[in-house]
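Chains as they are written, first to last, in the numbering used here: chain A, 83 to 523; chain B, 83 to 523.
No lab work stands behind these hints: they were computed from the structure.
There may be inaccurate statements among the hints.
If several chains are the same, the list does not tell them apart, and a pair holds so long as it fits within one copy or across any two.
Distance condition first, Cα-Cα at most 27 Å in a straight line; then the derived DSS-like pairs of lysine-lysine [to be verified]: (1) Lys144 <-> Lys91; (2) Lys278 <-> Lys299; (3) Lys278 <-> Lys373; (4) Lys470 <-> Lys91; (5) Lys155 <-> Lys86; (6) Lys203 <-> Lys155; (7) Lys203 <-> Lys275; (8) Lys144 <-> Lys155; (9) Lys467 <-> Lys499; (10) Lys308 <-> Lys203; (11) Lys144 <-> Lys86; (12) Lys203 <-> Lys499; (13) Lys86 <-> Lys137; (14) Lys467 <-> Lys421; (15) Lys91 <-> Lys507; (16) Lys155 <-> Lys495; (17) Lys470 <-> Lys203; (18) Lys507 <-> Lys278; (19) Lys203 <-> Lys373; (20) Lys507 <-> Lys86; (21) Lys467 <-> Lys155; (22) Lys203 <-> Lys299; (23) Lys203 <-> Lys478; (24) Lys478 <-> Lys299.
For clarity, every value in this text was computed on a predicted model and none was experimentally measured.
There are 2 protein chains.
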Amino acid sequence: MSQKPSIPKGTRDFGCPEMARRYYIFDTLRDVFRSFGYAQIETPAMEGLDTLLGKYGEEGDKLLYRIQNSGEKAALAPEKGLRYDLTVPFARFVAQHRGEIAFPFKRFQIQPVWRADRPQKGRYREFYQCDVDVIGSPSQLNELELVQITQEVFRRLGVSVLLKINNRKVLTGLAEICGFPDKVVDITVAIDKIDKIGIDAVEAEMLEKGLTPEAVKVLRPVLESKGGFEEKMALMRGLMTGVSAEGVRGLDELDELFGLIAAAGISMPVELDLSLARGLNYYTGAIFEVKALDWQIGSICGGGRYDNLTGIFGLPGVSGVGISFGADRIYDVLVGLDKFPAGLESVATVLFANMGAAEAAWVLPLASALRAAGISVEIYPESAKLRKQFDYADAKGIPFISINGENEMAGNKLNIKNLASGEQKEFPIGDIAAICNFLRV
Amino acid sequence: MSQKPSIPKGTRDFGCPEMARRYYIFDTLRDVFRSFGYAQIETPAMEGLDTLLGKYGEEGDKLLYRIQNSGEKAALAPEKGLRYDLTVPFARFVAQHRGEIAFPFKRFQIQPVWRADRPQKGRYREFYQCDVDVIGSPSQLNELELVQITQEVFRRLGVSVLLKINNRKVLTGLAEICGFPDKVVDITVAIDKIDKIGIDAVEAEMLEKGLTPEAVKVLRPVLESKGGFEEKMALMRGLMTGVSAEGVRGLDELDELFGLIAAAGISMPVELDLSLARGLNYYTGAIFEVKALDWQIGSICGGGRYDNLTGIFGLPGVSGVGISFGADRIYDVLVGLDKFPAGLESVATVLFANMGAAEAAWVLPLASALRAAGISVEIYPESAKLRKQFDYADAKGIPFISINGENEMAGNKLNIKNLASGEQKEFPIGDIAAICNFLRV
C-alpha cells in the first residue's frame, strides 16, 4: 500500500534554499523591530470561533477554517477556528493580558495565518504575516517610528521603496464637503482610478454611485490637482475649513506626521496619496502603503491607525497603529532584484570523504577540533564511491573536501582540496590554525 | 457588546519574556543544527487526512484535529487535519520531493504540532517540536553526529545531561532468546520497572503477561546484571549468539556506536539502558533518550533509527535516524536551573523622555544618530507626567533615561541618567562617541 504524497491545495512546502531566504527576511524584521524596542509575542493557531467570527466581514467569516470538535462533541457545531490574521488575536491578547502589559505596548508577531480562499498565483491558504504595532498611545510619534522601521527594514534588505501615506479622516472630510458622508468608499475608489481612466470617467462613476453633479463639482479641484503635498493640503484645507471638522483634524494629522518625518531626516521617498484606502472600515487615522520602486508587484507592506481594536474584547478607548510586512511578496521582490545575499544556506565548509571505517574513526577527533575552532564540518556517512561523495559536496555547495587514506593516517597528515580552485594541500594534523586559515580563504 | 477574551483549552499565549527565552532555545538549536550541515524545512500546518490517518495508531487517529471542509463540501467528511508531529510530514516531504533532494538528506524542522489530547500540567494541545534527522544513510556515523549535536546543544545551554542509548534489535533479541518474539513490549516494560519494584515483582509481571517460567529464567541474568557496558554486552552476546541473529546484529551496532562515541571524544555521560523503548513499533535500531542530570523532569530529548519511514509514501528502503528536542521541557529545565542568560529581552538602551512636541522633534535626529551607531533607542510617545515615563522605563527594564527640556535645547546638550547608579551626565549633542561610551557602561 503506497500513497501518492501531496499537500492540500493552496499550501506549500518550503525546502532548504527557500527556508534560508525566508529566515533572512524574518530575521531582518526581527532585528529591526527589536532595535526599536518592540517585543515578540505568539498566539495559538486555534482561537475560539467567538473570537474570530464577525471581525472580518461576512466574506471573512466564510473564509475561516473551522476545526471539528473532538470526542463526543464531534457532531456539534465547531467551537474553534484557525487564526485568520494577527490583528484580532493581538487585540484579544491585549485585552486578556492587560494587567501584565506595560503600555504603550510595542509588540511584533511573525506567524502563519490561514484563509479558505480560492488559491491562485501569489495567493495561498497558509501564509506568514509579520505585524508590528504600538497600542495605547495616540501620539503620531508612533506613526513616525513605524516609518523609521519601514525605512530601516528595506535599507537592510537593499530594496528601494516608496511610502504612500493617507489619512482616513481626510477621506471622511472629502465625503463630508460634498454632502455624502456615507459615500467614503465610493469616492475613494473613484479617486483611485483617475490615472487609469481619467477625470471624466471618474466623475461619471461617482454620479453612477449616487453622488449629485453638485457634489462632484465640489471634489473636482481635488481630483484635478497636480500639485505636490503643500498645494494639495492648502487646497483641501480651503475646502474643509468650517465645513468638515473631521477633515481638518485629518489635515492637521497629516501636517504633523509629514513634519515629524522631515524632522527625523527620513530619506526614503514619502508621498501623500489620497486614493489610499486599505482597510477602510477599520483604520481611523494614518494609512500606510509601501511599494517597491524597481519591481512591479503591488504593495509589500501596509497598515494604519485604529482607534478601538480591543473594545470588542472589553478594553475600550485604546488607540493603536501598526504595519504588516508581506513576507511572500518581499521574497518575490528580493528574488526578482537578486538581492538575497550569497551564502544564506547552512553549508559546511569542508566535507571529510569516507574511505572506510578505520579512516572515518581516525578523522573524528580532527572533525571535532575543527568544529571547536568554529569550522562547520560534515563527514560523509557511507564509504561510498568517491564520485558519489564529490557529487554530494557539489550538490550542497561544500567548498572543500578532505580525502585521507592510509598514507595520511600513517603520516599524521590531513589532505584538503579547494574544490573551486583545485588547490590541494597537506597539513600536520596538529596544525589546526593552518588548516583553519586554508579553509577560510 | 463585549466578549470575555480567552483562548482554547490546552493552548497558550506567549508574552514577551517567554518568547525571548523560547527563541533563545530555538536559535541555539538552529545554530547547532546548521553548524553540522543540517538545513531547515517547513511543511504546511494542514496535511491531507490520508497522509495522517493510520500513522499514529488508533489512539493517534482519534487525537488528530480535523478541519471542516469549506464551501459546498462543509457537510462532507473532513479531508484535512492539523500536523500531529513532524515525522510523518517529513516522510511525506522526502517522498514528494525526492527528485530535488541530495541524499543523505540532513534536515531540521522547528514547528508547532497539534493533538486533541486531554490537557494537563505540562501537556498542551499545541506545542513546538524541534526535530533533526538524516535520511538515506544506514551508517552509524549519523547516530554519532546526533550524539555530537546533543552534546553541543546542551553544552551551549549550560545543562548537564545523561544520554541513554538502547537498540531495538537487542530488545528483539531478548524476546527471541526466551522464546516469545511477540512479547518485546511486555518484556521491555517489565525491565523498565526493576529499579522501582524489584526483580521478583518484574518476574511476576512477565508471567502474568504470558511468559513461561522457563522464559523468565532465561532473562534472569540480564535482569540481575549490575555490571557496566562491557559486562552487560558480554552477557547478552553469550545468550544471543547462535540463538538470535537479530539480537547479535543489535549488539554489533551498539558496540560500533559506543566505539564511535569514544573515538569522537564525547565527554557527555552516555550509558546503555536496556529498558529504553521509546516509539518501539517505529524504531528499528538505535534508541536515544536524554535526561537532565540536575533537574527532575523526564526525558528532554529522544529519538532513534527507523528503516522504512517513507515506504508508505512510495519511497521504500530509505533508512533514517533522528532526534527530537522537547522545547517546553528544556524551557522548564533552564528556568529551574536559572540558566537563561540575562538580557534576552529586546530592551532599548535609552528612553528619551517626552517633554512636549518641540522637545520631541528636537530629539528625533539625535535618536536617529544613536540608532545609526547601533544603540537601541525609544522615544516615549506621549508628553505624559515624568513619573509615568520613569515607570515605563522601569517596567521594560530600560537602563538609561534622557530628559531634555528648554535648557538642553538652548545649550545643545543631551542629559542622560543611568537609572541603576543614578549617575547623570550632560553631553554636547555632536559627541555621539562619548554618548555611546556612557550608554555602553
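Would you list, in rising numerical order, the hints stated earlier that this structure does not obey? 4, 10, 12, 14, 15, 16, 17, 18, 20, 21, 22, 23 and 24
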